[in-house]
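Starting from the given sequences, assemble the full structure and let the hints guide the process.
Keeping their order, the protein sequence lines are chains S and P. In terms of the working numbering, the first sequence opens at residue 237 and continues consecutively. In terms of the working numbering, the second sequence opens at residue 237 and continues consecutively.
This list has only true hints and no planted wrong ones.
No distinction is drawn between identical chains; accordingly, a pair holds when it is met within one copy or between any pair of copies.
In the DSS-like style, the derived pairs of lysine-lysine whose C-alpha atoms are separated by at most 27 Å in a straight line are:
| no. | residue 1 | residue 2 |
| --- | --- | --- |
| 1 | 247 | 271 |
| 2 | 311 | 367 |
| 3 | 401 | 428 |
| 4 | 311 | 401 |
| 5 | 401 | 367 |
| 6 | 247 | 280 |
Hints listed in this document are in silico derivations from the structure and should not be mistaken for laboratory results. All values derive from a computational prediction rather than experimental measurement.
Single-letter residue listing:
There are 2 protein chains.
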Amino acid sequence: MIDGPLDLLIKQLSSLPGLGRQSAKRVALHLLTHKESLLMPLTKTMTHVADVVQSCVSCGNLDEGDICRICRDTKRDRSTICVVAGVADLWAIERTRSYNGIYHVLGGVLSALDGISPRDLAIDSLIANIKDSDITEVILALSATVDGQSTAHYITDHLPSTSIKVTRLAHGMPMGGELNYLDDGTISTALKARANL
Amino acid sequence: MIDGPLDLLIKQLSSLPGLGRQSAKRVALHLLTHKESLLMPLTKTMTHVADVVQSCVSCGNLDEGDICRICRDTKRDRSTICVVAGVADLWAIERTRSYNGIYHVLGGVLSALDGISPRDLAIDSLIANIKDSDITEVILALSATVDGQSTAHYITDHLPSTSIKVTRLAHGMPMGGELNYLDDGTISTALKARANL
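See below:
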């Protein structure tokens with residue numbers, strides 16, 4: 237095996253999510269055989285991103301500058317805040333173009349197993365933000381897992397006891413989902429929450 | 237979706253082999269949440285690699301400097317040359333530590349389908365190298381595919397008609413391979429090439 241910078245590159249690439257040693261080697265070779273068209277532009281972008289992209293001090297989204305473009309956008313509805321576990325969830329919701337409020341990124345969900353306590357998440361800042369604001373609805377867009385749901389309960393319990401409406405994403409059959417491939421929990425939840433046609 | 241440098245980063249990452257749009261997004265987020273420990277060191281390594289790593293003028297391996305460390309190594313046996321399609325194959329053979337000769341990287345194999353002709357591969361330089369040298373054996377370590385084998389035949393036909401021995405990797409059962417999972421071609425090849433116990 238080759239030592240030196242190439243080996244270091246492969247080692248660093250293999251620590252990326254989804255890349256093992258073999259795929260990191262493939263990526264490294266691909267980068268080196270496309271030096272002008274990929275390796276150098278990608279390096280430039282990474283340097284630029286490292287310089288300018290940071291967590292939004294208001295919501296925790298990743299974007300250029302202190303305040304992200306969603307928080308800066310005056311057309312967004314500041315009375316609704318959508319609480320998500322991570323930035324990937326925020327992007328997923330933005331992609332749907334069906335939400336026009338603002339966000340709050342927790343940075344994870346509570347987990348006894350992984351030792352993640354309320355102090356490790358941006359819950360205090362969420363509650364502080366809500367207190368000083370005109371927010372009328374908090375959407376808890378957390379995963380339908382035990383950890384996601386206990387995080388939702390924790391936040392609900394600690395919200396200032398005002399007239400704020402707290403909602404969660406609907407549970408049920410995913411669109412395009414085939415009934416006989418769904419797990420029992422989803423089917424029984426969808427059955428209980430059945431709606432009039 | 238976020239535009240700007242982050243979007244560009246995701247787009248560039250998704251053009252890497254094995255990474256789609258979703259995994260590129262995951263990698264980008266991972267890089268940004270590990271700015272000090274991964275994004276910046278990786279950028280540094282990539283810049284360094286782009287600067288110093290190049291194709292060996294002698295064999296085509298990727299390494300620092302004009303001549304790779306295998307070609308520089310005076311302990312290697314210069315009478316045996318191993319012809320491989322790509323650098324990944326060279327690395328795979330080096331990993332086994334069972335070969336002590338030198339290499340020649342073709343940069344691919346002949347392919348009528350992909351329009352790869354002898355002119356696209358480093359075949360002329362291989363033949364020139366062999367002519368001026370003390371090489372006594374050429375190992376054609378090419379894939380056991382139609383393209384690999386026709387490349388091997390092409391090279392054999394164009395070698396200077398001297399006393400040079402031309403060999404290929406053995407065909408047969410892979411070590412640890414279970415017989416009933418092997419394809420018919422491999423089984424019949426292994427049967428024809430059976431050896432005394």
